[in-house]
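Start from the sequences and build out the full structure, keeping to the hints where you can.
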Amino acid sequence: AAGVEIVPDTKTLWDTADIVLKVRAPDLSKGEVDLLREGGNLISFIWPGQNPELLEKLAARKASVLAMDMVPRISRAQKLDALSSMANIAGYRAVIEAAHQFGRFFTGQITAAGKVPPAKVFIIGVGVAGLAAIGAASGLGAIVRASDTRPEVKDQVKSLGGEFVEVDYQEEGTGVGGYAKVMSEGYQKAQREMYAKQAKEVDIIITTALIPGKPAPRLITAEMVESMKPGSVIVDLAAEQGGNCELTVAGEIVVRHGVNIIGYTDLPSRLARQSSNLYSTNLLRMLEELCKTKDGIFDINMEDEVIRGATVIKEGSITWPPPPPRLSAAPAKPAVAVAAVTPKKEGFKLPPQVKTGLLLALAALAFYGVGVGAPAAFMEHLTVFVLACFVGYMVIWNVTPALHTPLMSVTNAISSIIAIGALIQISSPGTVLTGLAALAITLTSVNMFGGFWVTQRMLRMFRK
1 AAGVEIVPDT KTLWDTADIV LKVRAPDLSK GEVDLLREGG NLISFIWPGQ NPELLEKLAA
61 RKASVLAMDM VPRISRAQKL DALSSMANIA GYRAVIEAAH QFGRFFTGQI TAAGKVPPAK
121 VFIIGVGVAG LAAIGAASGL GAIVRASDTR PEVKDQVKSL GGEFVEVDYQ EEGTGVGGYA
181 KVMSEGYQKA QREMYAKQAK EVDIIITTAL IPGKPAPRLI TAEMVESMKP GSVIVDLAAE
241 QGGNCELTVA GEIVVRHGVN IIGYTDLPSR LARQSSNLYS TNLLRMLEEL CKTKDGIFDI
301 NMEDEVIRGA TVIKEGSITW PPPPPRLSAA PAKPAVAVAA VTPKKEGFKL PPQVKTGLLL
361 ALAALAFYGV GVGAPAAFME HLTVFVLACF VGYMVIWNVT PALHTPLMSV TNAISSIIAI
421 GALIQISSPG TVLTGLAALA ITLTSVNMFG GFWVTQRMLR MFRK
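Reminder that position 407 of the sequence shown reads as 407 in UniProt numbering, one-by-one numbering, no gaps.
It is worth saying that the hints were derived from the structure and are not from the lab. Ideal placement from N, C-alpha and C gives every residue a C-beta, glycine not left out. Treat the hints with care, since some could be wrong.
Computed cross-link-like contacts, BS3-like style, restricted to lysine-lysine with a CA-CA straight-line distance of at most 27 Å [to be verified]:
no.	residue 1	residue 2
1	229	120
2	57	11
3	120	79
4	154	197
5	22	62
6	294	22
7	294	79
Pair ranges (Cβ atoms, derived) [to be verified]:
no.	residue 1	residue 2	range
8	404	362	33 to 39 Å
9	439	357	49 to 55 Å
10	277	16	24 to 30 Å
11	155	430	50 to 56 Å
Here you go:
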């Protein structure tokens, strides 16, 4: 019904297809590279940094190859970003696998049979996978902690109900394209100390740390695993790239020192339908970029930043790694000669303490003057105003960060209380004044009812 032709065997498929779409990179041990016809086109995950031999063999076939794992992390390429799609699923599934192996509630409970403490989950790496894992673990009621070299993700962790654990060392960790970069030895030492402390306290560790084009960094040592409580779980999402845990075995679950270490490399495949839906959408968007004229012509435009970043081989020539992303920074203005300025002699300056004292004295005199000269009603209004400021401050800053957007919406609706002034004025004599009051009531009513309606729609998104 969809116009798809089913061929009898794999070889026929490779021989007749102009473009081959795959999930995993061609397997050298199975001779899949030899199945790709001379000058063919391949789109799949390639991992060129870890598979130089594969690149050489594909180049020998005069092929053009686009790696879905090399799509640049820019706004325009989000619809093609298969890594984020799969990482989102892997992070969620990692929590499910951990819960299956853990053998205890995630949420704490107090029952007649005794008290069950909540599970403590520590997530290393707050990328797409890490954020998905934080959301899933928090939703199950666990105490969630997370760590990342990039300080800007701290608010994201808090908004999902997690606690951000910082390394006691000052160093910027943001790399190119939103990834983390390789940190200094001093930072890594402080980081290992923090991981060792967390390993003794938590029940589950989920690691997601990857550095583009390089093996996964080793973050959890054998000594840390040994220090964990019996029955604890480690889920290593970087197992396919070497693993973040020293004892991880790719593709298997192993038990070391009483700790279950999950090294599955196919977590997205364990939610096959969801993964297929998302990955097929990413591939479709890639084909749309390659065939913009919709005439069936496969055009690898190396001037397009997205296509250039994803292309690792073009017509037999290896084009990986891509050039660094172009920055849209304004050119620096030429330096303007500045005439030498003769320093002026500084006059007498008051010490800071004296300045502060004078300002406080002036403020006290101003308040005293207002108190003496103002009517009693003014002081009542001023007292209410000060109390309103204090109460409003305390209420606003105690709202969960995730609810700040609905908070702004309902605040906008509440501001329509100015309609009371219009209601008072509508009975005033004069057509103009009555008309303006009626208009004010109409506009504030729209703002009021619309604001509350939008707020309720927002709040429904947070209900389960």
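Against the structure, the hints:
Note on residue 229 and residue 120: the hinted pairing holds, with a Cα-Cα distance of about 12 Å set against a maximum of 27 Å. Taking the CA atoms of residue 57 and residue 11, the gap is near 18 Å; set against the 27 Å cutoff, the hint holds. Between the alpha carbons of residue 120 and residue 79 the distance comes to roughly 34 Å, so the proposed pair goes past 27 Å and is violated. A threshold of 27 Å between alpha carbons decides the hint, and for residue 154 with residue 197 the separation of about 20 Å falls inside it, so the pair holds.
Using a Cα cut-off of 27 Å, the hinted pair residue 22 and residue 62 holds, with the two alpha carbons roughly 18 Å apart. For the given pair, residue 294 sits about 22 Å from residue 22 by alpha-carbon distance, which is consistent with the 27 Å threshold. Proposed proximity of residue 294 and residue 79 is supported: the alpha carbons are some 18 Å apart, at most 27 Å. In this structure, residue 404 and residue 362 meet the distance hint of 33 to 39 Å, their C-beta atoms being roughly 37 Å apart.
In this structure, residue 439 and residue 357 meet the distance hint of 49 to 55 Å, their C-beta atoms being roughly 51 Å apart. Range check, residue 277 to residue 16: Cβ separation about 26 Å, and the 24 to 30 Å hint holds. Separation of residue 155 from residue 430 is about 52 Å and conforms to the stated range, judged on CB atoms against 50 to 56 Å.
Hint 3 alone, counting from the list given before, is not met by this structure.
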